[in-house]
Amino acid sequence: MKALLGLLRKEVYHILRDRRTLVVIILLPVVQVVIFGYAIRTDVEHVRLAIVDPAPDATTLAIRNRFEAAGVFRTVAVLPRMDGLEPLFERGAAQGAVVFEPGLAEKLARGLPAQILIVSDATEPNTGSIVQAYAAAVVQQYSRELGAPRRAGIRIVPTVRMRFNPTRQSSNLFVPGLMAFVLTIISSLMTAISLTREKETGTMEALLVSPLRPWQIIVGKVTPYLVVGFVSVIGVILEARLIFHVPLRGSVALLLFEGLLFILVSLSLGILISARTSSQRVAMMGALIGTMLPTMLLSGFIFPLESMPAPLRAISYVVPARWFVLVARGIMLKGIGLAYLWPATLVLIAMALLLLTASTRSFHERLES
Amino acid sequence: MTTPADDAVAVDRVSKNFGSTVALADVSFSVQRAERFGFIGPDGAGKTTLFRILATLMAPDQGRARVLGRDVVSDLWTLRARIGYMPGRFSLYPDLSVDENLRFFASVFGTTIEREYQQIAPIYSQLEPFRDRRAAALSGGMKQKLALCCALVHRPEILFLDEPTTGVDAVSRREFWDLLDTFKQSGMTILVSTPYMDEANRCDRVALMQGGRILAIDTPQAIADSFDRPLFAIRASDRYRALKALREWPHTHSVYPFGETLHYADKRTDVPADRIATEMLAFLSSHGFDDASVERTAPTVEDSFIARMGAPEGVRAA
Amino acid sequence: MNEAPAIVVRDLTRKFGGFTAVDRITFEVHAGEVFGFLGANGAGKTTAIRMLTALLAPTSGQAMVAGHDVYREAEQIKCDIGYMSQRFSLYEDLTVRENIRLYGGIYDLTDRQIHDRTTRMLAQLGLEHAADQFVRAIPLGWRQKLAFSVALLHEPKIVFLDEPTSGVDPITRRQFWELIYEAAARGTTVLVTTHYLDEAEYCDRISIMVAGRIAAIGTPGELKKKFDASSIDEIFVRLARPAAASEARK
Numbered sequence: 001m002k003a004l005l006g007l008l009r010k011e012v013y014h015i016l017r018d019r020r021t022l023v024v025i026i027l028l029p030v031v032q033v034v035i036f037g038y039a040i041r042t043d044v045e046h047v048r049l050a051i052v053d054p055a056p057d058a059t060t061l062a063i064r065n066r067f068e069a070a071g072v073f074r075t076v077a078v079l080p081r082m083d084g085l086e087p088l089f090e091r092g093a094a095q096g097a098v099v100f101e102p103g104l105a106e107k108l109a110r111g112l113p114a115q116i117l118i119v120s121d122a123t124e125p126n127t128g129s130i131v132q133a134y135a136a137a138v139v140q141q142y143s144r145e146l147g148a149p150r151r152a153g154i155r156i157v158p159t160v161r162m163r164f165n166p167t168r169q170s171s172n173l174f175v176p177g178l179m180a181f182v183l184t185i186i187s188s189l190m191t192a193i194s195l196t197r198e199k200e201t202g203t204m205e206a207l208l209v210s211p212l213r214p215w216q217i218i219v220g221k222v223t224p225y226l227v228v229g230f231v232s233v234i235g236v237i238l239e240a241r242l243i244f245h246v247p248l249r250g251s252v253a254l255l256l257f258e259g260l261l262f263i264l265v266s267l268s269l270g271i272l273i274s275a276r277t278s279s280q281r282v283a284m285m286g287a288l289i290g291t292m293l294p295t296m297l298l299s300g301f302i303f304p305l306e307s308m309p310a311p312l313r314a315i316s317y318v319v320p321a322r323w324f325v326l327v328a329r330g331i332m333l334k335g336i337g338l339a340y341l342w343p344a345t346l347v348l349i350a351m352a353l354l355l356l357t358a359s360t361r362s363f364h365e366r367l368e369s
Numbered sequence: 001m002t003t004p005a006d007d008a009v010a011v012d013r014v015s016k017n018f019g020s021t022v023a024l025a026d027v028s029f030s031v032q033r034a035e036r037f038g039f040i041g042p043d044g045a046g047k048t049t050l051f052r053i054l055a056t057l058m059a060p061d062q063g064r065a066r067v068l069g070r071d072v073v074s075d076l077w078t079l080r081a082r083i084g085y086m087p088g089r090f091s092l093y094p095d096l097s098v099d100e101n102l103r104f105f106a107s108v109f110g111t112t113i114e115r116e117y118q119q120i121a122p123i124y125s126q127l128e129p130f131r132d133r134r135a136a137a138l139s140g141g142m143k144q145k146l147a148l149c150c151a152l153v154h155r156p157e158i159l160f161l162d163e164p165t166t167g168v169d170a171v172s173r174r175e176f177w178d179l180l181d182t183f184k185q186s187g188m189t190i191l192v193s194t195p196y197m198d199e200a201n202r203c204d205r206v207a208l209m210q211g212g213r214i215l216a217i218d219t220p221q222a223i224a225d226s227f228d229r230p231l232f233a234i235r236a237s238d239r240y241r242a243l244k245a246l247r248e249w250p251h252t253h254s255v256y257p258f259g260e261t262l263h264y265a266d267k268r269t270d271v272p273a274d275r276i277a278t279e280m281l282a283f284l285s286s287h288g289f290d291d292a293s294v295e296r297t298a299p300t301v302e303d304s305f306i307a308r309m310g311a312p313e314g315v316r317a318a
Numbered sequence: 001m002n003e004a005p006a007i008v009v010r011d012l013t014r015k016f017g018g019f020t021a022v023d024r025i026t027f028e029v030h031a032g033e034v035f036g037f038l039g040a041n042g043a044g045k046t047t048a049i050r051m052l053t054a055l056l057a058p059t060s061g062q063a064m065v066a067g068h069d070v071y072r073e074a075e076q077i078k079c080d081i082g083y084m085s086q087r088f089s090l091y092e093d094l095t096v097r098e099n100i101r102l103y104g105g106i107y108d109l110t111d112r113q114i115h116d117r118t119t120r121m122l123a124q125l126g127l128e129h130a131a132d133q134f135v136r137a138i139p140l141g142w143r144q145k146l147a148f149s150v151a152l153l154h155e156p157k158i159v160f161l162d163e164p165t166s167g168v169d170p171i172t173r174r175q176f177w178e179l180i181y182e183a184a185a186r187g188t189t190v191l192v193t194t195h196y197l198d199e200a201e202y203c204d205r206i207s208i209m210v211a212g213r214i215a216a217i218g219t220p221g222e223l224k225k226k227f228d229a230s231s232i233d234e235i236f237v238r239l240a241r242p243a244a245a246s247e248a249r250k
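Protein chains in written order, with my numbering: chain Z, 1 to 369; chain U, 1 to 318; chain W, 1 to 250.
You may find that some hints are simply not true.
To be verified - Among the chain U residues that face chain Z by a calculated CB cut under 7 Å, a handful are:
hint : residue
1    : Y85
2    : L215
3    : I217
Unchecked claim - Cβ pair distances, simulated, as ranges:
hint : chain 1 : residue 1 : chain 2 : residue 2 : range
4    : U       : A34       : W       : E92       : 41 to 47 Å
5    : U       : G63       : Z       : L367      : 51 to 57 Å
6    : Z       : V24       : U       : Q32       : 52 to 58 Å
Unchecked claim - Reference listing, derived: stretches of chain U covered by chain Z, where coverage requires no fewer than 3 residues with Cβ under 8 Å from a Cβ of chain Z:
hint : region
7    : 55–69
8    : 177–185
9    : 220–226
10   : 260–267
Simulated from the structure, these hints should not be mistaken for lab results. Backbone N, C-alpha and C fix where the C-beta goes; we use that ideal spot for every residue, glycine too.
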């Protein structure tokens, strides 16, 4: 126990004394939040659309056909009432919805203003704004064709409402992704670097030759980064809440628990990387390519997964950050709990167990020859 | 009488390869308790690999090694608490201070500086003035002393020092050996490796190593004395030409630069030394080296090393 | 020695802030001499060598290297000197031949010169068979001899060697010294820095730096007589130990 405390104390000294790295650890999340405060736009295809049509008539059917024909949307459900919409969004089955009012054709015929409601899931602001834009275009086009040549003054008024993210701020969205990114840097990169640094200075030899067991060395090395990772996560959440007013609708405890799982996964990856390398430079490259790039590109953090080619989407299933981002978005923006998030949580638990075992095994009690 | 089981170190036919590189080839030796045993040889001789095996950091491919009566492979966890090891690179944390480094290594072994003060006092007293200085800012000699202190802080029964004096200036080297002398009476066994031939004399016994093999094991004096012919030191103002000339002399067994002089050994074993000297002087002056002098000299460990290496072309005349 | 001295140093000084690393040193190195430049860690050896190789401007004093002024003629000095250190000398991931070609190119030799000198050098070292092997694949001893020959490729007037033989076996070390003697016999001046004090005895003359000054200079024989010592090591320890003790207290 004393040995473990000694290890921890030493590691804290390392972290506190390496000023440049310390500044990076502290400033990185702050700066990232600001940078990603601006949305990153991308094109979207195959948006999953739900339609609420209480009383189908000629007009609603015509508009529905146009949505189908636009090539951007795929109708996943046609519902008679608004009630059925909520679960679809929560499961992620629908990304947008078109809601017709009953008797639309009749209102139009009598020259009364008719309403069409367009709902989008703004937990994905890119997708959300595109749904809005396309849907409005489709409806307006139809209304022009219908109304302009014949009966002037009769219009379709599309009312737009956002769900979950009513202010449409993309910052709401990137915060979960950013948490994944920051945790990856601190857990994977820092762990890999700090372990390989011990190899470079030759101190790993001295640690190995001592009565410390490999698990003690790992726990001693990794715990401080776990703490630092946790603190960063809390920092990012606070900053996001205070500056960008990002909501936190779900359970904080659940979010922190999922964060812990993700940190464990990332730390294990860091240990695995360091086991295969003996220089800090190689470890940095390994962490960059092996963990940071996938977290940036394949987690849905910046680029929507649904607009990715199938092979990349397939790869994204083994990227831990994908699952964490999914879970964190669910908790923060939708306020949903384990009832919906258990599959992704299970994936994270499985990944953590697998990688922790693999990384402990990769850490030998002797020098590799 | 000591039995092999009482030896501090017993190595039996150990081999170790890295890919196609032979690091150790069939090495056997034993070291007695309280002995100071030196391994002397150039880079690549296998010293570091041998020390890593003895310090339980590597398993041999073949053969067995026992330290303090225990097997270095199967008993590694019992051994690790009882041995001290100072790796070739000093193995310190540059961003920690002298005291922090020492405290850390003490804590790793479940002890404290205060409890072990008696043991480390001779070295720690020299380090104490800089206890708050970061290890990175220490001179080479001080780093070396701190590394030794860290390897000693848990009161090991045996100490493995892998090239502790490499890259350290002559003053610090000498001080380091003087420090090791202070542990003599405590009965600690010390194994030390070095590329410097002149450090052989600070050991009770030495093993000469080359290419993964042990060329000889004995006391430094006995190794030097094993040089089997009279050895002469030749001085001439133009060393290089004198060397070239002597290579052409039919009686030359070996001739090579040695400090300010050339060391010469004759092929003929049945000719008295003073006659060889006279003949050589005549030969040198006939080649224009009028200022040359020849005198009999005592062979050193280095001369023996060269003789045992089986000199390749150049050093030994054909 | 009727030629002009290869290196002339007068009151050469270098300060870093308030710290005087090199303190008014004065000495000469003759052409074709093997000169040992010794000193403890931190005695100012490295700073002095950097000034002589025109990598660092002196604070005051004069120095002429191969007839060129270190203040004004840094470029000429760099063409006239060769440098080999234990740490950096050859690129391990290039072949022997590629290394030679690279250095030939750096010193602006013609293709003809590079070709001729490569052939000659490889023959002299007995390395023809290894010409197309990667440097990392050849033994350390050969590597050091090759590095020395490469440092001489552009036929410099002076060659600086930094701990050239550390860690090699005693036979390779002697072969290395024979290469040095041979270069000196051809008129190249050799300046060697080393921690290896018995190596100092292989030099024609040596200087010992202590705390920024030259504390002793002469042939190894002269110094041993003067200090009534049996080895340079003994002299060195006697001169450097008090300085080391006070340096440590800073």
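Each hint tested on the structure:
1. Hint status for Y85(U) relative to chain Z: holds, with the closest Cβ pair at about 5 Å, below 7 Å.
2. Here the hint on L215(U) is broken, as its CB sits about 25 Å from the closest CB of chain Z, past 7 Å.
3. Violation of the interface hint for I217(U) is found here, the shortest Cβ-Cβ separation to chain Z being roughly 25 Å, above the 7 Å cut-off.
4. Restraint check, A34(U) to E92(W): a C-beta distance of roughly 43 Å satisfies the suggested window 41 to 47 Å.
5. Separation of G63(U) from L367(Z) is about 18 Å and departs from the stated range, judged on CB atoms against 51 to 57 Å.
6. Restraint check, V24(Z) to Q32(U): a C-beta distance of roughly 54 Å satisfies the suggested window 52 to 58 Å.
7. Residues of the region 55–69 of chain U lying with their CB closer than 8 Å to a CB of chain Z number 5, which satisfies the three-residue condition for coverage.
8. For the region 177–185 of chain U, the stated coverage by chain Z is not satisfied: 0 residues place a CB nearer than 8 Å to a CB of that chain, which falls below the threshold of 3.
9. For the region 220–226 of chain U, the stated coverage by chain Z is not satisfied: 0 residues place a CB nearer than 8 Å to a CB of that chain, which falls below the threshold of 3.
10. As drawn, the region 260–267 of chain U meets chain Z at 0 residues by the rule of a beta-carbon pair under 8 Å; below three, the given contact is violated.
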